[in-house]
Amino acid sequence: MDAVQQYLWSNAVGDLVPWPAQAEAVRQFGLTYDQVESLILEKGLLPARYQRNRTTVSIDEQLQLFKSRVAVIGCGGLGGYIIEELARLGVGQIVAIDPDIFEEHNLNRQLLASPASLGKAKVDAAAARVAEINPAVTLEAVKEAFTTANGKQLLQRVTVAVDALDSIGFRLELADVCTEMEIPMVYGAIGGWYGHVATQLPGDTTVQRTYRNWVEGKGIEKQLGNPAFTPAVVASLQVAEVCKILLGKGELLRHRKLSIDLLEMEIFEVSYEAPAELVRAA
Amino acid sequence: MNITVKLFATFRNGRFKMDHQDWPEGVDCRRIVASLGLTEEEIGIVLINGRHVPLDQVLGHGDTLSLFPLVGGG
Numbered sequence: 001m002d003a004v005q006q007y008l009w010s011n012a013v014g015d016l017v018p019w020p021a022q023a024e025a026v027r028q029f030g031l032t033y034d035q036v037e038s039l040i041l042e043k044g045l046l047p048a049r050y051q052r053n054r055t056t057v058s059i060d061e062q063l064q065l066f067k068s069r070v071a072v073i074g075c076g077g078l079g080g081y082i083i084e085e086l087a088r089l090g091v092g093q094i095v096a097i098d099p100d101i102f103e104e105h106n107l108n109r110q111l112l113a114s115p116a117s118l119g120k121a122k123v124d125a126a127a128a129r130v131a132e133i134n135p136a137v138t139l140e141a142v143k144e145a146f147t148t149a150n151g152k153q154l155l156q157r158v159t160v161a162v163d164a165l166d167s168i169g170f171r172l173e174l175a176d177v178c179t180e181m182e183i184p185m186v187y188g189a190i191g192g193w194y195g196h197v198a199t200q201l202p203g204d205t206t207v208q209r210t211y212r213n214w215v216e217g218k219g220i221e222k223q224l225g226n227p228a229f230t231p232a233v234v235a236s237l238q239v240a241e242v243c244k245i246l247l248g249k250g251e252l253l254r255h256r257k258l259s260i261d262l263l264e265m266e267i268f269e270v271s272y273e274a275p276a277e278l279v280r281a282a
Numbered sequence: 001m002n003i004t005v006k007l008f009a010t011f012r013n014g015r016f017k018m019d020h021q022d023w024p025e026g027v028d029c030r031r032i033v034a035s036l037g038l039t040e041e042e043i044g045i046v047l048i049n050g051r052h053v054p055l056d057q058v059l060g061h062g063d064t065l066s067l068f069p070l071v072g073g074g
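Order-wise, the sequence lines are chains A and B. Under the working numbering, think of the first position of the first sequence as 1, with each following residue one higher. Under the working numbering, think of the first position of the second sequence as 1, with each following residue one higher.
What the hints contain is simulated information worked out from the structure, not anything from laboratory work. Some clues are possibly wrong.
Claimed, not checked - Simulated restraints on C-beta separations: (1) B:Asp-22 - A:Pro-115: 20 to 30 Å; (2) B:Gly-62 - A:Ser-58: 45 to 55 Å; (3) A:Lys-143 - B:Gly-50: 17 to 27 Å; (4) B:Val-58 - A:Arg-209: 12 to 22 Å; (5) B:Arg-51 - A:Glu-264: 33 to 43 Å; (6) B:Met-18 - A:Asn-108: 55 to 65 Å.
Predicted model only: the values in this text are computed from it and were never measured. Ideal placement from N, C-alpha and C gives every residue a C-beta, glycine not left out.
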């Protein structure tokens, strides 16, 4: 490893290691891109691709992101954008879970969908996209539906679970598995011009309370479908929450949920304070 | 008694954003939901004065009832 480190040091510009040097290190020393990124960050250097992160995410924090493992459950409208942003942010391991293949009606909004991908597995498109935009990120593709039956195995060693599901029933199963495994969950749901986003830490029941009146079926998305912009907005808010959870900074959307209306351009905050806290506040 | 009803997202279509309504004592959320032509299956969140309540919750004078539709897509 000394020779590799020597190579990376000598090719750094300031504390930035340019992409061609990383690619050459991979070739010359028979390493993988994630091994090279790990060596760079452990040395206190920064892969140059992250240079515009650095006032937002320090080198130490970039290493923290690189060591993180995030599960994205659903690779459709929300999931496509979430995976794209996590990979560009530099989250080292992504577990992408979705049983579906692309269909034509996905093309209006799903980032990973293209005419060429019709009929192909969404998780395979996710793996190909991540390999293309950030080869240092490892994406584990799971072509299965997430349920309480397989959930505990799928979320092994996961730091955060991101909800990009299109089914309320499966979403509640995800919330139950996250509660049981004490994994933070970033909830997102969309329909037409409207979206919800919230963060649930272990012990919270925001998602369960959001759907307390639900019996079966879909929400307004059944009639409204989803346009291009709503998943992008909600997914980006979710990734900002993931980033803060992984780095332990900022103020989370905890005990509150944003209800977003892009038609009226209104954001309403719904409180999910614990009952005891409400009493104290009163 | 006076109840303020606030509607969100698609519930506003053909209805209103906010309305001040007069209801008899003892009215519950379910009865107001029905009066708006909404089905219980459409209801996502029900708040009285910002707090989550079940549909059978009885309202008091001056309360604000907020209704949000179910949103579940991804």
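> Are there hints from earlier that the structure breaks, and if so, what are their numbers?
Replying inline: Per hint list: 1, 3, 5 and 6 violated.
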